[in-house]
Amino acid sequence: MGARHFGARVTRLEDPALLVGAGRFVDDVKLPNALHACFVRSPHAHARIRSIDATAALAMPGVHAVLTANDLPEPMCTERIPNLMTNPAIKIMRTQHALAREEVCYVGEAVAVVIADSRYVAEDAVPLVDVDYDVLPSVCDCRDAVKPGAPRAHSDVEDNVAAFVRMEYGDVDASFARAPHVFEERMWLHRGGGMSMEARAVTASHDPASDLLTVWSSTQTPHLGRRMLADLLGRNLEAIRMIAPDVGGGFGPKAPFYAEEAVIPAAALQLGRPIRWAEDRREHFLSATQERDQHYDVAIAVDADGKILGVRGTMLHDTGAFMPWGIIMPYIAAVTIPGPYVVPNYRLECTVAITNKVPTTPVRGAGRPQAVFAMERMMDRVARELKLDRAEVRRRNFIQPEQMPYAVGLIFRDGMPLVYHGGDYPTSQRAALARAGYDGFAARQEAARANGRYIGIGIANYVEGTGLGPFEGVTVRVLPNGKVAVATGATNQGQGQRTALSQIVADQVGCRLEDVVMTMGDTAAISQGVGAFASRQSVNAGSSALLAGTEVRRKIIALAALTLGVPPDDIELEDGEAIARGGNRPRLSLGELARLAAGTAGVSFVAGQTPGLEHTAYFTPPQASYCNGTHVAEVEVDPMTGGVAFLNYTVAHDSGTVINPLIVDGQVQGGVAHGIGNALFEHMVYDENAQPLTTTFADYLLPTAMDVPTCDIEHIETPNPLNPLGVKGAGEGGTIPAPAAIIAAIENALSRFGVRFAEAPLTSERIVATLRAAGAYEKLD
Amino acid sequence: MSTHAIKLSVNGKPYERSAEARITLADFLRHELGLTGTHVGCEHGVCGACTVLLDGRTARACLMFAVQAQGREITTIEGLAGAGGKLNVLQQAFHEHHGLQCGFCTPGMLMTLTELLRDTPDPSEVQVRDALSGNLCRCTGYGGIVAAALAAARSVRGA
Numbered sequence: 012m013g014a015r016h017f018g019a020r021v022t023r024l025e026d027p028a029l030l031v032g033a034g035r036f037v038d039d040v041k042l043p044n045a046l047h048a049c050f051v052r053s054p055h056a057h058a059r060i061r062s063i064d065a066t067a068a069l070a071m072p073g074v075h076a077v078l079t080a081n082d083l084p085e086p087m088c089t090e091r092i093p094n095l096m097t098n099p100a101i102k103i104m105r106t107q108h109a110l111a112r113e114e115v116c117y118v119g120e121a122v123a124v125v126i127a128d129s130r131y132v133a134e135d136a137v138p139l140v141d142v143d144y145d146v147l148p149s150v151c152d153c154r155d156a157v158k159p160g161a162p163r164a165h166s167d168v169e170d171n172v173a174a175f176v177r178m179e180y181g182d183v184d185a186s187f188a189r190a191p192h193v194f195e196e197r198m199w200l201h202r203g204g205g206m207s208m209e210a211r212a213v214t215a216s217h218d219p220a221s222d223l224l225t226v227w228s229s230t231q232t233p234h235l236g237r238r239m240l241a242d243l244l245g246r247n248l249e250a251i252r253m254i255a256p257d258v259g260g261g262f263g264p265k266a267p268f269y270a271e272e273a274v275i276p277a278a279a280l281q282l283g284r285p286i287r288w289a290e291d292r293r294e295h296f297l298s299a300t301q302e303r304d305q306h307y308d309v310a311i312a313v314d315a316d317g318k319i320l321g322v323r324g325t326m327l328h329d330t331g332a333f334m335p336w337g338i339i340m341p342y343i344a345a346v347t348i349p350g351p352y353v354v355p356n357y358r359l360e361c362t363v364a365i366t367n368k369v370p371t372t373p374v375r376g377a378g379r380p381q382a383v384f385a386m387e388r389m390m391d392r393v394a395r396e397l398k399l400d401r402a403e404v405r406r407r408n409f410i411q412p413e414q415m416p417y418a419v420g421l422i423f424r425d426g427m428p429l430v431y432h433g434g435d436y437p438t439s440q441r442a443a444l445a446r447a448g449y450d451g452f453a454a455r456q457e458a459a460r461a462n463g464r465y466i467g468i469g470i471a472n473y474v475e476g477t478g479l480g481p482f483e484g485v486t487v488r489v490l491p492n493g494k495v496a497v498a499t500g501a502t503n504q505g506q507g508q509r510t511a512l513s514q515i516v517a518d519q520v521g522c523r524l525e526d527v528v529m530t531m532g533d534t535a536a537i538s539q540g541v542g543a544f545a546s547r548q549s550v551n552a553g554s555s556a557l558l559a560g561t562e563v564r565r566k567i568i569a570l571a572a573l574t575l576g577v578p579p580d581d582i583e584l585e586d587g588e589a590i591a592r593g594g595n596r597p598r599l600s601l602g603e604l605a606r607l608a609a610g611t612a613g614v615s616f617v618a619g620q621t622p623g624l625e626h627t628a629y630f631t632p633p634q635a636s637y638c639n640g641t642h643v644a645e646v647e648v649d650p651m652t653g654g655v656a657f658l659n660y661t662v663a664h665d666s667g668t669v670i671n672p673l674i675v676d677g678q679v680q681g682g683v684a685h686g687i688g689n690a691l692f693e694h695m696v697y698d699e700n701a702q703p704l705t706t707t708f709a710d711y712l713l714p715t716a717m718d719v720p721t722c723d724i725e726h727i728e729t730p731n732p733l734n735p736l737g738v739k740g741a742g743e744g745g746t747i748p749a750p751a752a753i754i755a756a757i758e759n760a761l762s763r764f765g766v767r768f769a770e771a772p773l774t775s776e777r778i779v780a781t782l783r784a785a786g787a788y789e790k791l792d
Numbered sequence: 040m041s042t043h044a045i046k047l048s049v050n051g052k053p054y055e056r057s058a059e060a061r062i063t064l065a066d067f068l069r070h071e072l073g074l075t076g077t078h079v080g081c082e083h084g085v086c087g088a089c090t091v092l093l094d095g096r097t098a099r100a101c102l103m104f105a106v107q108a109q110g111r112e113i114t115t116i117e118g119l120a121g122a123g124g125k126l127n128v129l130q131q132a133f134h135e136h137h138g139l140q141c142g143f144c145t146p147g148m149l150m151t152l153t154e155l156l157r158d159t160p161d162p163s164e165v166q167v168r169d170a171l172s173g174n175l176c177r178c179t180g181y182g183g184i185v186a187a188a189l190a191a192a193r194s195v196r197g198a
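Line by line, the protein sequences are chains A and B. Here this note's numbering is used: the first residue of the first sequence is 12, the next is one more, and so on. Here this note's numbering is used: the first residue of the second sequence is 40, the next is one more, and so on.
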């Protein structure tokens, strides 16, 4: 077998339909007789619901129903959405009701749903649903939430501490006691959203003839969603089909199961008509999950040479009003801080606070950008205090390749010890610095200064746990027309998984790439599935594609050998044919072989024949994989406006073996753009009553084409020994170290003024305010 | 709600429909005419996913009422490909330079760049980025889109 496709810069199979407007997103699915939904959402951050009167709304022409919690079927009407992520550290495990019952705990929480002839009419009727609220005290800032006597985010909890987690190894206090240098930092990262360009959408239809409930959802996890829905409806799993068709971006917030994914199917069952709901952007700001609020008080102890002796501190995580993804983000943050460095002693104490804001779940990076920010800014501090080069301090502390496999001393989010298998951290930094022209930067900075310009450079390294299990399956089946059907529980929100998996399978079964027929994101296609998060699909589904493809290849060769009367070793597969090497090269097409493998009705197979050219594999990784990389940002800052422009952005990235460099480059570039948003722009603002203030793209800024440079990317490929492909996952690495590198670069550019930045996003106005407070404008030339 | 008769041309094809005054052009194209290639990403005119050409000029279909398109010529993403669905030069460049990932912003990107490349056949990278600054993409980080636009311009000039 020649690896014709694996590793090649193959253009994507997803593209042609999307480029001509023939994609099929949830809101493109048109069903006859469909009705439209609009949700009644809480205008209060915390309130008791006294009563709901839908009389006026129901009287409006075109309105078919108004459903409240009590109108939902059992057990959805009383049970909360099932909890996906348990952890013994969780004291208050709280998930939402599909529709709020007695109490609302954040602005945007769904209270009722209006079903009408059109979305326009449904929106007209929403204000006519009269909800009588008794407003309760709310808590917005997690630092206030954990103070004694703070208003309680839910009226029936003792306090707002949902969980406390201590991550620890070594004797950190002893290491600090004997350390010649200890530096303390206080840092804060604020929340933003995934902000996929397609907001959420759900369409549901029930077919009474088959009793099948079909749900189209713009989700990253249709198999998980089906399971949750089956629990909430008390339905057999097999009586629900959930489909995630083309999905317009995910980035995390489309992974959890949402109230709307329960209510719309329930309404379709109740009304006996298809129901459509497409979230508008304002609703997305109010009710799609967000992430990143973490406050750090951390300290680093180093010896006289800048070698780390210990890291310790506390972190406060704002989880919002509910915990649909448990405490995954603070947990991941706590185990990500040591990163690529030898940290002999470590302790982080994490407090998870509930507040009256929209719940948090992972957003591209999931706790890692915050952890990397905390660690890398401490490394910058060490360099500054000890008057060492920032790259040199990092170099002195790297875990060396010969120390692999390296056990950090913690348990990762997969339940297994945090052990890095492979990765070359010194080479990563060396490569990034060389490409970025780091050695020549001091001269560039001096020349810029002479011209009255302020340029700076920042470095950040990271290690990222990826490829989480438990599995993702792939079925490979040769069809009678010679095409090769591939079905998987993996899902596609733009990552190019269809192309990557097709490359793997085509190499095995010897077919053309365009002859692979892929079904993704459909619970009818494969019995088990998990979905897209944690940069996991190339590791899990990619490996399953290889295993299933290899087995189907073996079956093809065995059947061709039997049929042609030659030894299996003499069969080669090429362009959809099995060809015998000898004689006049007799051949059978894959389609002919598929027909032979289907047998003839009533006729016995001869010995050695097996039914169908088909195999399903579920690869189960033994533990998480660990990617790593280095970012170097070079920026110019205008002190008068606080504007930041990128002069250069360099990435060295080790995601293991690369299946398709075109796709991986795109993941890295897009990830960096998200990181730039987190570093400079994306600030979800709430007032003191937890009212969201940034609910449009005019208030909450995403980076544009004017803000994002094209990155200079180097792939460093250290194969991953934990799966047969050697891959590690590439979806999030671009985002994770970006805020740390960018904010370090800004600080470096403005070093003349002695200003320090310990927060993200660092907006222009914050830069100007900080410069003003430092008296910088008196010092300007 | 008053209903109005609307005559307009979309991608060279004439349509006669009636629509309520408040129906946006984006909803009209998607739900009345079944042209779902035009996407709605924010409904407040910032993201640019719904961008179409109105008498040859880019317009936000989410900020217009369908009745305002009375008698106008509209081009959507469905109108870009050549005979038999063959990708045009810009679409092909998007394919070759990985100018799309999820594909949701792509219709607006293509329409914006169609206007730019028609009016500015030899754009600089800064001109391309400036033209794209009214279209948000969350997946690509714009690198592939900018590269595709510049490659398409080169290709058209070379042809």
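Since the hints were derived computationally from the structure, they do not count as laboratory data. Careful, some of the hints might be misleading.
What the hints assert, rightly or not - In silico DMTMM-like links for lysine to aspartate or glutamate, alpha-carbon gap of 20 Å or less:
hint, chain 1, residue 1, chain 2, residue 2
1, A, K158, A, E525
2, A, K41, B, E71
3, B, K125, A, E525
4, A, K41, B, E154
5, A, K318, A, D128
As the list claims (entries may be wrong) - Taking beta-carbon pairs under 10 Å as the criterion, some of the chain A residues facing chain B (in silico):
hint, residue
6, L248
7, D257
8, T715
Virtual Cβ for every residue (Gly too), placed ideally from N, Cα, C.
- [ ] If any of the earlier hints don't hold here, list their numbers in rising order.
- [x] 1, 4, 5 and 6
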